[in-house]
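All chains should be modelled from the sequences, with the hints used to inform the complete structure.
Chains as they are written, first to last, in my numbering: chain A, 1 to 279; chain B, 280 to 558; chain C, 559 to 837; chain D, 838 to 1116; chain E, 1117 to 1395; chain F, 1396 to 1674.
Treat the hints with care, since some could be wrong.
As the list claims (entries may be wrong) - Straight-line alpha carbon distances no greater than 25 Å define the calculated DSS-like cross-link-like pairs of lysine-lysine that follow:
#1 803/C to 7/A
#2 53/A to 565/C
#3 332/B to 1402/F
Said to hold, decoys possible - Which chain B residues face chain F? A few, computed with CB under 10 Å, are given here:
#4 287
#5 326
#6 344
#7 409
#8 417
None of these hints come from the bench; they were simulated from the model. Glycine included, every Cβ here is placed at the ideal spot set by N, Cα and C.
Number of protein chains: 6
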Amino acid sequence: MFYTDYKLQYPVRVETPDPAFARALQQAIGGVEGEIRVAMQYMFQAWGMKGPKSSRYRDLLLNTASEELGHIEMLATAVALNLEGAPLELQEEGAADAAVGSIMGGRNFRQFLSAGLAALPVDADGVPFDMSHIYASGNIAGDMYANITAEGTGRTLATRLYHMTADAGMRDMLAYLIARDTMHQNQWKAVIEELEAERPQMPVPNSFPQESENQDFNYVFLGFTSDGAEPPSGRWSEGPSIDGKGEFTMQPMEPLGEVPPPPPARPGTYPQTAQLAEE
Amino acid sequence: MFYTDYKLQYPVRVETPDPAFARALQQAIGGVEGEIRVAMQYMFQAWGMKGPKSSRYRDLLLNTASEELGHIEMLATAVALNLEGAPLELQEEGAADAAVGSIMGGRNFRQFLSAGLAALPVDADGVPFDMSHIYASGNIAGDMYANITAEGTGRTLATRLYHMTADAGMRDMLAYLIARDTMHQNQWKAVIEELEAERPQMPVPNSFPQESENQDFNYVFLGFTSDGAEPPSGRWSEGPSIDGKGEFTMQPMEPLGEVPPPPPARPGTYPQTAQLAEE
Amino acid sequence: MFYTDYKLQYPVRVETPDPAFARALQQAIGGVEGEIRVAMQYMFQAWGMKGPKSSRYRDLLLNTASEELGHIEMLATAVALNLEGAPLELQEEGAADAAVGSIMGGRNFRQFLSAGLAALPVDADGVPFDMSHIYASGNIAGDMYANITAEGTGRTLATRLYHMTADAGMRDMLAYLIARDTMHQNQWKAVIEELEAERPQMPVPNSFPQESENQDFNYVFLGFTSDGAEPPSGRWSEGPSIDGKGEFTMQPMEPLGEVPPPPPARPGTYPQTAQLAEE
Amino acid sequence: MFYTDYKLQYPVRVETPDPAFARALQQAIGGVEGEIRVAMQYMFQAWGMKGPKSSRYRDLLLNTASEELGHIEMLATAVALNLEGAPLELQEEGAADAAVGSIMGGRNFRQFLSAGLAALPVDADGVPFDMSHIYASGNIAGDMYANITAEGTGRTLATRLYHMTADAGMRDMLAYLIARDTMHQNQWKAVIEELEAERPQMPVPNSFPQESENQDFNYVFLGFTSDGAEPPSGRWSEGPSIDGKGEFTMQPMEPLGEVPPPPPARPGTYPQTAQLAEE
Amino acid sequence: MFYTDYKLQYPVRVETPDPAFARALQQAIGGVEGEIRVAMQYMFQAWGMKGPKSSRYRDLLLNTASEELGHIEMLATAVALNLEGAPLELQEEGAADAAVGSIMGGRNFRQFLSAGLAALPVDADGVPFDMSHIYASGNIAGDMYANITAEGTGRTLATRLYHMTADAGMRDMLAYLIARDTMHQNQWKAVIEELEAERPQMPVPNSFPQESENQDFNYVFLGFTSDGAEPPSGRWSEGPSIDGKGEFTMQPMEPLGEVPPPPPARPGTYPQTAQLAEE
Amino acid sequence: MFYTDYKLQYPVRVETPDPAFARALQQAIGGVEGEIRVAMQYMFQAWGMKGPKSSRYRDLLLNTASEELGHIEMLATAVALNLEGAPLELQEEGAADAAVGSIMGGRNFRQFLSAGLAALPVDADGVPFDMSHIYASGNIAGDMYANITAEGTGRTLATRLYHMTADAGMRDMLAYLIARDTMHQNQWKAVIEELEAERPQMPVPNSFPQESENQDFNYVFLGFTSDGAEPPSGRWSEGPSIDGKGEFTMQPMEPLGEVPPPPPARPGTYPQTAQLAEE
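This is the structure:
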C-alpha cells in the first residue's frame, strides 16, 4: 500500500525557463532510461519475488520503487517550470528564435497541444513509454543486473542532461538525481555481493544444473569472421572464466549443421502452386 | 559487411512436433529476452562504439552479433519443424485436443494465418519485437551491463523452455543455446574486468566528475516507509560502498522540498475558467 | 513524495488456484481499463494541474493515485496465487486439460517464461500497457470526464471478471475493487458538480470564447445517410441543448466544400513522371 | 456500407502555408485526441451495440462516424496546403529560418520523406495512431462517457490549434470543427440524459447487482496521506453521492491486509538457488 | 465526405457459432493483412495524391476505400455472431472443451472482457492495429505495389480462414471477400499497366534521373557467401533486366570500404574514461 | 549462419557534418522504408520458405538479407560522421542556429541523450522500428510483391534524401544505395517472371481453387458514390482482366445485405439495463 504527503523529495528550481530543455527532460521521465521505468520495474520485481529468504529484498525493492515515484514528480515539476513563458502563437515574438521558440518552432508541440504546457509520459521524441521495458524475471540475480543496467543508463542520461544546461537550479536537481543513481547502482550490486557470499551467482540462473548444458561450447569464444581470421583476443579468450567454473578458449566457428531443406508446403496454407510438391 | 553459407550453426532436430512448443519458442525469437534483441543490440553497440582503444571491442561485438543471427535461424527452423502436421481445420481430428490442437484451438493462429506455418518475429503472445529494446548508450560499461542482463534473461528463458519439453532434439538444441548464454555472460563481464584492471568502472559513467554529484546522498540507502519504520538493512546499508568510493549509511527519507504550488494557467492553453487567475 | 508500508490495502485470498484466471486478471493490471492506467493518469493530471484554486484537486488526485498503486499490488498478488501448482511441462498431468492446463496449453506462456509464474504489466492478451493512454489535458473538466470513463470501463471489466470466477476469495477482492470504482466514478463527477455550482462546465473547454465557433453548426445533429433518409431522432435532435446554451436541430448534411483538386507534384519529392505537370 | 462523393464537408483554405502548422495539425489527425480515433471508435461501438432498443443508437453512431471520416479528409487537405512551397534542401533559402524551415530544420522530416509532402496517420511527434485507443465496451453509458471524453479532449486540442495560428482560412476551418465538437459533446450527453429518464445510469455498469459490491467502501473517500493528515474535503466527502444511492463519507485508509509473504519458488522456474526453499 | 445506409454490403450468416473462429477473424479486421489497413491506406493515398492527371486515381482510391469500410463492418458482424452462446464462466459447461471453450479457456478473453462479446480493432493475438502500416508515399506506382501486396496478403489470409471453417455461412462470406481481393489485385495492377502504356514505371520512382545512380551496381546480382561460392543463378542473374534498362550480371561482393575506425569519444557524452582519447 | 569481416560494403564519407541530416538518415535505418526492415524481412521469408523447388529462392533471399545488414552498417556510420562537432550545450555557439543547432534546438535530442552521438534503430521522428512490418507470408509471390514494395518505397526515400543534401560524400553513398534498390526491385520481379513462365501467378495465392470464390464479383469494379454517379473508368473497368482469367466490368454497388439487428445483450456482459431484453 502506498501513501503521499504531496511534498517534493528534493527542491526543484528553474532560474531561466527553457522550453527546449523541457523537451529534453522528457527522456528522464518517459524514456527507456527514465524514472517511470525504474519505479514500475522495482514494483513488479517485488510483487514477483519468491522464496523463503526474499522478504528483505522485497522490502528493499518497494522502498526504492517509492523513491523513484518521487523522482518522476520532481522531473514533471521541472518540465512545467521550464515551459513558463513559452510562446503559444506561431507569429508570437520569440517563436522564430531557435532557442526560445521550441514550442512554436515545431519541435515541442505536444507539451502544449496535449497537456497544456505540462509533462507527458513520453520520451524526448514524444514516444510513449511502454511497459515491455519492465524486466522482472523472477530470478533475483537476473533482476539485479537489469537494475544495475537501468541505473547505469539512467545516470548516463542524467549526466548528459547536466552537461546540456547551465541553469543552476536544474543542475542542483540533476546533481541530486545523479547521486541517487550512484547509490542505486551500488545498492543492487550489493545484493549480488551478499548472495555471492554464499555461493557463485553466475551464470544466471545458477539453479539450472550446469552439466545439462553443452560442455563443448560453454566457455569458448567463437569467431565468425568470413575469412577465418582470428577474432579479437582478450580477457574473454584465455584464462579462467569469470564465473570460475571453466577455462576460456577461442576458436573460429564452423557450421555444425547442414543447409536445412525447405519443408514441404501444405495445400491448406495456400502457397503458390510452384511451392506444392505435386506440381 | 556480412556473409552467409546457408548452414545451421548447430543441428536442429524435432522428434515429436508440438505446435504449442512452436508458440513457446517464439519468446526466444521475438521476446525481449530473445535473439533478435541481442543480434541487433550488439550491432548497434558496435556501430556506436567510440574512442581510440575501442576497435577490439567493436570487433568482439560484431563477432557475437553474427553468431546471434545464426541463433534466430536455428529457432526459426525449430518452429517450422514443430508445426509439421498441425491440424488446419477447426473440425479436424486432434483440433479439439488441448495439446495437439494449439493451432486450431485458438492459441496459435498467427503462425498459420500470417506465415503459413512458420516463425514470426513476435513473442509467445504474438507481440512484435520493437527496437526500443536495443540498448546502445555509447558508454562501454553501461553497454556491457545491458548485455549481461540480456544474456541472463536469455539463459533463464532457455532453461524454462528446456524444462517445458521432453523432446530430445529440442533439448539438445537448447543445451547448446544455454551453453552459449553461459559463455556470453562471462564474455561481457570479462570486458568489464579488463577495464577494471586499469581503473574502477563504477559508478557508470565513470568519466563524470563525481564531485559534481550531491555528496550527501550518493552512498545512503533511503527508507520510504510511511510509518518511519527502519528499512531493511544488509550489505547495502553499512560498510564500504561496492565501488570503493564511499561508505554506506541508511536513513529514513524526509521530504526536502515543499508542496509545489500549481502554476498559473494561461488562457491560451484553454483550461476551464475556474483554473484561470482572474476568475 | 511517496511511501509504503508493504501491506495489502485489502486481503487477497484464492481458494482454488486457476492459471486461466491469472491470465484474465492481467486485463485489470495492464489493460487499458486497468489499474496502471488510473494510477499514472491521476499522477500526471496532478502534476499538470494549474490555476490558483486547483491545490485541492491536486491533492485529491494524488490521494487516489496512491490508492490505485495499491490496487495493482493486490491484483499482482492475486495473479501469483492463481498460478500456484500450474503444470510447467507440456507432458505433465493436467497440461492437456483445458481448464487447468492454460499455462502449458499455450495460452499463458509468458507468466511462466518471462516472469517465473508472476504478474506482468500486460493485458490479458500479453500486450504491454503503453503510456499513450494517460489522459492529462491540463483542463480539469476534460480530465474528470477521462477519469469517469476510466472508472466506468474499469468497473465494467471488474464485474465481468467477477462473473467469470466462482472462487470466494477472488469474488471478495473483486467486490472491494468494484466498490472503489463506484466511489471513484462518483468522486470525479462530484468535482464537475462542484465546478458547475459556479458556472456551466460544458462545452469543454469552457474558457474558449464560444462566439468564435461556427454558430450555424454548433447545435445541429447532422445526418450522413447516403439516400438522404432522416437520421435517428431523439434527445439530441430537438429541445434545449444539454449545456443550456443552444437549441438542438437536425438536418441532413450536404457538402459545403468542393472536390479538392490534387495539388501539383514537386519534382524533388520524386513522384512518378505521370504525376509531374510538365509531362 | 459506406459511400463517398469526393467533396469536402466544409471548405478548406490556407492563406499563408506554414509547414510548422502542418506538423501541429497532425495531432488532430493521428493523435489520441484526433479524428481517426473518433471515426473508428464510433464505428466499433456501433458494431458492438447490443440489445432490443439499441438500433437508434447504432444508427446515431454510424452517422457521426461517417462525419468524422470527412473531418480526417479536411485535415489531411489542410496539411497538404500548408506544405506548399516548403524548402526541400538543407541549404535552400529559408531552410535556416525557424518558422519557414520546419521541414529542413529537422522538425518535420517525415511528411516529406515518407509521404512526399502530405499528411500521415501519426501525431504531431510522428507517433502512429494505434487502435488500442478505440474504446467500445459493449456498455452504452460507458461508451458515451468515452465519447464525451474524446470530444472534450478533441475540442481542447482544436482551440489550442486555433490559438496557434493567425491564418484566416485555418481559423475558419477550425471554428467549424470546434462547433462540431460542441455538438458532439452535447449529443453523447443527450443519450445519457435520455437513458437517465428511465432509471439512474450510474454507477456504470448499472446492471450489476450493486448489493454484491463491498458496502463499506462504495461511498467513502479514502485518504492516503503518509502522516494521516486529513485528505482534501469537498463535494466528494460529504452529502448524498452523485448517483443518489449512498452518502459520501471520508476517512484515512488503514491497510486491511497484511504484508504478503513471498510464495515459494519452484525449481522449474529457475530462480537463483538462494530463492529455493531447500537451500 | 462519407455516407452510410446502415446496411451490409453482403449478407453475413453463421450457422454454428464458434468463439475460436471469432478470434481467428480478428486477423482480417485488425491484422496487418486486414481491412482496417486497406481502408485507411487507400484514403491516405487519395488525400496525398498529387499531379494534374491524378484526379481519376484519387476517385478510384476513395471508391475502394469506402468499400473496405464495409468489409470491416461485415467481419465485425461475423465476430459477434460467432460469439453467441459462448460460455462466460470458467466453470460453465463447455468451458473445458477445447473447441467451444475458447473464451473461458483463456484464449479469447478480450472479446468478452473488453468488448462484451464483440469485435476489437486488434489482430488474432490481440495486438492492436497501428497506423504505421498505412503506406502512402506520394508516388503512385509505389502506392500501387503496396496495394497489390496488401490485397495479396489479404487474399492469402482469407483463403486460410476459408480452409479453417466448415460453416456454410462463413464460407459464403469469405468467398465474397476472396473475390473482391481478386478484383482489387487486378485493379491496382491495371493502374500500373495504364501508366506503363505511356512510359516504363520501373524502377520506382521513375522521375529520378537514373544516370545519377551508381552505374556499376544497378543491374548486378551480388553474392554474399562466406566462402565465395557462386550465389544462386536465375532470371535475376543474366539477360535483360526486367525494367528493360540494363543487363543482369552476377558477382560475389567484395568490400569496397575499409574497417571504419571508431570516432573519438567526446567528454560531454560521458563515455567510460577508457574511451576518452587522453587516457 | 552469418559472418562478418568488419569492413564497409561501400565507402562512407561526409564532407560537412550536418546533425539535421543525421536525423533524416534515421528514416533509412529504422523507418518502415528502411534497411532493418528489408534485412529482417528477407531472413524471415527465407526461413519460412517451403516446397521442393524453393531452395534457390531461399539462398537468394539469404544473400540479399546479408547485403542489407551491410547497408544498415553504412547508414549508421554515416549518422555518426554527421554528428561530429554538434553542439552539446543549449548555450553553446551554434546551438541557436537552425541548421547547425538541430541537436540542441530540440529536434534531435535522442542521438545525443540515448546513444552519445550515434545512430538508433528508430525512424526520423524517433519512433522505434517494430517487427510487425516484416512481411513473410509463406506464399512466394505474395512475398515478392512485398519486397518490390519495400524496395520501391526504399528507393523513393533514398532519392528524397539525395535531394536534401549537397554533401558530395553523402550523395556518393546514396547513389550506391539507390542503384542497389534498382537492382533489388528488378531482382524480386525477376522471380515472379520466372514463376510466370510456368503458369500465371495472379491472383495471389494461385493455389486456391478459384471456382470457390464468388463468381459475380471477382472481376467487377464497384462504385461507392453516394449519388450513384458513375465511378471513374479506366483500364480496370473494361477489357480482359490483368490476370487473364476474366473480363473487367463496372457497376455501382447496391447493398446485398440488410441492416443487421443488434444481437441481444447477455446479462453476464454487464451492459446498461436499458440494453437488456427483459427491461
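Quiz prompt | Agreement of hint residue 409/B with chain F interface, Cβ distance less than 10 Å | solution = holds (4 Å)
Quiz prompt | Evaluation of the interface hint that places residue 344/B against chain F, nearest CB under 10 Å | solution = Since the shortest Cβ distance to chain F is 8 Å, the answer is holds.
Quiz item: Is the Cα-Cα distance between residue 53/A and residue 565/C 25 Å or less?
Solution: holds (18 Å)
Quiz item: Quick one, is the residue 417/B hint okay against chain F at 10 Å, beta carbons?
Solution: Nearest chain F Cβ about 2 Å off; hint holds.
Practice problem: Please verify that hint: residue 287/B, Cβ, nearest Cβ of chain F, below 10 Å or not. | Solution: holds (7 Å)
Exercise. Verify the proposed pairing of residue 803/C with residue 7/A, using a straight-line Cα cut of 25 Å.
Key: violated (41 Å)
Self-check item: Interface hint compliance - residue 326/B to chain F, C-beta minimum distance less than 10 Å
Solution: At 4 Å from the nearest chain F Cβ, residue 326/B passes the 10 Å test, so the hint holds.
Self-check item: 25 Å Cα cutoff - pair residue 332/B, residue 1402/F
Solution: holds (18 Å)
Violation of the numbered hints given earlier is confined to hint 1; every other hint is satisfied by the structure.
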